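> Same order as they appear, the protein sequences are chains Z and L.
Residue numbering for the first sequence follows the UniProt record's numbering, starting at 1 and increasing by one per position.
Residue numbering for the second sequence follows the UniProt record's numbering, starting at 1 and increasing by one per position.
For the record, the hints were derived by calculation from the structure and aren't laboratory data.
All figures in this text were calculated on a predicted structure; none of them were measured in a lab.
Don't take each hint at face value.
Identical copies look the same in the list; a pair holds intra-copy or inter-copy alike.
With a Cα cut of at most 25 Å, we get these calculated BS3-like pairs of lysine-lysine [as the list claims (entries may be wrong)]:
| hint | residue 1 | residue 2 |
| --- | --- | --- |
| 1 | 20 | 400 |
| 2 | 505 | 544 |
| 3 | 403 | 269 |
| 4 | 338 | 22 |
| 5 | 403 | 658 |
Number of protein chains: 2
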Amino acid sequence: MLEKMFNPNSVAVIGASRTKGKVGRAVLENLMQNSELKVIPINPNVDEILGLPCYPNIIDVPGEAKADLAVIVVPAKMVPGSIDECGQAGVENVIVISAGFKEAGVEGARLERECISLCEQYGMKMIGPNCLGIIDTASGLNASFAANVAYEGNIALMSQSGAICTVTLDWAERIGAGFSKFISLGNKAVLAENEFLQLFENDPSTAVIAAYLEGVKDGPEFIKIAQRVSRSKPIIIVKSGRTSVGSRAVSSHTGTLAGSDAAYNAGFKQGGVIRADSLEEMLDYSRAFSVCPLPEGRNIAIITNAGGLGILTADACYNAGLSIASFEENTIERLREKLPAAANFYDPVDVLGDAGADLYEHALDVVLEDINVNGAIVLVSPQSMTDVPGIAEKVAEKIKKSKKPILCNFAGGSRIAAGEDVLNSYGIPNYSSSERAVASMNALCNYYTIKNRKQEQPEKLSSDTEFARSFINRASSEKRRTHGLESMDILKAYDIPVVDSRIAKTLPEAIKAAEGMGYPVVMKILSPDISHKTDVGGIRLNLKHADDVERAYNSMMSDVRHYMPEAAVTGVQLQKMIGGGKEVIIGMDRDPQFGPLLMFGLGGTYVEFLKDVSFAVAPITVAEAKHMVSSIKTYPLIAGVRGETASDIDSIVQTLLKVSQLVTDFPEILEFEINPLMVMPEGEGCVAMDIRFTLES
Amino acid sequence: MLEKMFNPNSVAVIGASRTKGKVGRAVLENLMQNSELKVIPINPNVDEILGLPCYPNIIDVPGEAKADLAVIVVPAKMVPGSIDECGQAGVENVIVISAGFKEAGVEGARLERECISLCEQYGMKMIGPNCLGIIDTASGLNASFAANVAYEGNIALMSQSGAICTVTLDWAERIGAGFSKFISLGNKAVLAENEFLQLFENDPSTAVIAAYLEGVKDGPEFIKIAQRVSRSKPIIIVKSGRTSVGSRAVSSHTGTLAGSDAAYNAGFKQGGVIRADSLEEMLDYSRAFSVCPLPEGRNIAIITNAGGLGILTADACYNAGLSIASFEENTIERLREKLPAAANFYDPVDVLGDAGADLYEHALDVVLEDINVNGAIVLVSPQSMTDVPGIAEKVAEKIKKSKKPILCNFAGGSRIAAGEDVLNSYGIPNYSSSERAVASMNALCNYYTIKNRKQEQPEKLSSDTEFARSFINRASSEKRRTHGLESMDILKAYDIPVVDSRIAKTLPEAIKAAEGMGYPVVMKILSPDISHKTDVGGIRLNLKHADDVERAYNSMMSDVRHYMPEAAVTGVQLQKMIGGGKEVIIGMDRDPQFGPLLMFGLGGTYVEFLKDVSFAVAPITVAEAKHMVSSIKTYPLIAGVRGETASDIDSIVQTLLKVSQLVTDFPEILEFEINPLMVMPEGEGCVAMDIRFTLES
């Protein structure tokens, strides 16, 4: 559908200019690099630019079909008019390069909304505003004002920052890295990452998808699309504004509303996206994917002519969770055949300082044939005897043919430059440090897992939604937004076990309730005004007989009156005391970008300051629920470590799935928490002890 | 004392060669670059090399003083003979470049020991064997076979890997980075890092000390020297073999016995060393120190012409623990005066894409004058209007004059090359990513703290060493090496509070002991064969009367017989039950490189799998003891978080100091542990509940 945007027969430049240094001239010149393309300058003040006939208006262009694509570079306030004219002229695709929109304040935002309406009215597709333009090396289109040359390649890149487009193109030009499509997203008023992910998915010239994003426009849709696309092509994203400082900077930059970083981490993970921590990492990973097959495991062979570099690389592998390979006997024997006696025949293989290209070739051949090796890292230091370009040549040939990934780190400066040139001529990256090569190898390994993960969709759980609906409606009709203990029964609609509990408004009622359920019991204050019950003495544990209940009731009432004299108290709740379990928390917050963000963690004091919690965007699959539970650091405590019995993890997983269904069914629930969920030993289930949720007002 | 090694008047090359490509020729040529140096080739087979008269033997060199320095490049087995001749000829300094020593196996190790003896016999200093040689750019000495040019600079570098020397020189040559002294350490048979740290300390041409090490030769001495040196010059070390995989590779590389990584971390920290995680980091940090003054705080201003880069850099600052500066009103006003209206006047300052050198200059001047700014990071993207070399020129001038550190990231490739050239000509580093610039700024900030830390020496605590000595002697006389509960009294010699406990050999004795100390009590099995008492039912808590003691005694005996029928049981220990405290652990292991390594952590299950412990090499100072306690992640739990009372941290600190003294006084204690130490609420002290230690056999 975006075919004509990236492979047009004719392109109009609205705001074309004769003046060198002006954007309207730079765009024109870039387009004219492709002699087969019909380029139409639009400018009311001149008749001709760079030998092309110039028209005052797109409507005045002769013929029925005016242009497949219009690139707009006029000042912001004139942009809506130009778009309107494009619409009238039947132009279906526009790129708005001009700045001065949402990123520039209130008036800009109004102009941007106007552009969006016009696009909707005419059914037009728009990239930008506030962007650098686009490049398609396969079709030969350069509809940008970029000053750099873009080489052909298989990496599709989109960036929400025009300057980062420039930086990337400049970096790529120096080392000869290439791109299939290059898109400056700008303010993403109409077209955004989701549309382009789908474009790249079906683009035969794209093998790798890379992006710099400051936010995503539609989180839930993004996850769905990324899940599908990541099965065929790796998606590598650097998302800035990770921290609160960065987020503030983001909103002043492109006016993007930044969601929480935890939500991005969760959403990217669920979508199969590889998150890079920096621009450098994104580019490093992209280049590894652009040339390497995927490793089927995490066992890496290192070949080096410098012991020290080998050790540093082994350290880096270990830190990244990669293993140093254990070679077969036969591999070691074959290495011994040609390598000098003082060489190291175990991983890392040290071919010694005077090794030539033939020894590197032999060592690479031998280790790659070993069934225990999934990939290799080649390290070359420029020692006095080292034939750097010769080794580069051999290694490059291997990389091109190998069925296992090979990455290299020619380490140094002056004397490795010739080797880098050789690698560049093959389109092969040289990593300037072994740590960078290792990080990229790790990305390849991780993507192998992503690509081959089980296809699973969240299942719709059966529930008594009618009961839940009536419950929510009743709660909504109350004035307060936050609901607690008294609303525990909503969990029953989703078959989540709830502790036996009864409400009592007076002391006699409390004693009666306790006797009815059997001792020991727990007493909790019931008040819409009290959120942290412990802080005001609002919880009493382990009450063993009527006397205990009486003493607890009286002192609780007096404590609460003391600490929170204004709190309205509606009574107390008695719960059956549950022993022998472990407390966990299941929660949900609505993220502005991704919607319902589920949280799981251990209960108690530790969770608060260890921040040891896991997240996922609902609705979740069984695998995602399991992962939420197993990915917290304190998982061994519930899985059972020395002296601890194993908890019923399956019941936690089931409860997560049920909460996921509940918050998906009722978008009016803004926040939700079961705290604690008491998890019993394996096979004995779990039970919700208290809840808290907030409804939309 | 090493003066003549690095600034000799005459140098002999033993094993000098005419043949191009041979090490003996390369060394000769490098030495001859300095026309003022008297170079003397030694080779029995020729009379002259490269126009210099050649002698068969160093002894045959005419004159009284033969040479200030001899560089030996003959095969390993001939090296001891050559050293012996040097000794006879009165040569005081030798560099052995030849390989084939400790790193090559048993025979090599024997040869190396022979060289060491000869050096001791003649009082000679030796660098190597198995090294690349040394370079001193101030004196003009190049006594190495390095093929690269070494530029003058203020960074002194030593490396345990010759190949890493080569990589570093090659890297430096490409970008024009310079060194004061460059030392390939080789096998460190005689001279090692400790001697060179002291040399660099007093070297007027050295401002920054950098090292690649695979181990240190004398850990305790290293800490002492580094503590002193790091007060005047930064010491940046990359230590490889961090992981078990890497450590194995280290020992096969230079035959270094790798101590534990935890000990290196602790020793480096105590020595004021900045530990780099990679070669790249070491070089990045070194270059920042080589040009920048130190920042007096962690508030960083970012100046950028690209919003996206600014956000990524703000994220990186936050992750590194640096703050984005809050500008004074006046700063913002002054920025507004010259910057365009659409610019961002808050940190990160966005001067916009078309900014010229003058705007960068203005912005830098203004933010650096702000009292809230301690340092600046300048980001430059090559946009179409950007005068890259012009900006580089202005920024370089500022960096040279500024009293606050400025680091830069000219981001891109082709079009920033001209900017990099300008920076290189000023000796100023360009960081290829903002993350690398931020990491280096963080290193500058950290060193400011190190340089200004309080001078403190471990205090010798008074103790009843006589009592402790008799105790240790008695324990040593027993056959077993491991001692436990029954030896608690050794703590009393160091004034460490010990729980009231009594030993009982029979049930009646046990009841009598319990009645004597008062209920409730804890009962523990006493057996030299049982180390994990809990696993065999060897601990019973909260015994409240004689009946409890009887039941516990009988079932414990039966349990222990069941689980460990062969264990010799000498009785039980009764301890006063202590409630209301928190369990912590204080331990010590002897590290092969650093000696007594103290450990501190919380007790209980968490500590086992969170690995949340801190380390320091004994003897420790009060500040170090405090840091051990406060640096664990679970520190809030003992400091007091919501719902938790604060523990008596001072009593933990005192106990750490006492244990530090104990293990320093008695090197025959190989392992030591108080587990648990029960810490009471603030002001109420702590008490040791159980110990375990192992003596040298």
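> It remains to establish, for every hint, whether it holds in the given structure.
Status of each hint after checking the structure:
In this assembly of identical chains, residue 20 and residue 400 lie within 25 Å of each other by CA distance neither inside one copy nor across copies; the values are 43 Å within and 36 Å between. In this homomeric assembly, residue 505 and residue 544 come within 25 Å of each other (Cα to Cα) only inside a single copy, at 20 Å, whereas the closest approach across copies is 39 Å. In this assembly of identical chains, residue 403 and residue 269 lie within 25 Å of each other by CA distance neither inside one copy nor across copies; the values are 27 Å within and 45 Å between. When the C-alpha separation of residue 338 and residue 22 is checked against a cutoff of 25 Å, the pair qualifies only between copies, where the shortest distance is 23 Å, while the shortest distance within a copy is 62 Å.
Neither within a single protomer nor between protomers do residue 403 and residue 658 lie at most 25 Å apart by alpha-carbon distance, with minima of 44 Å and 60 Å respectively.
Of the numbered hints listed earlier, those contradicted by the structure are 1, 3, 5.
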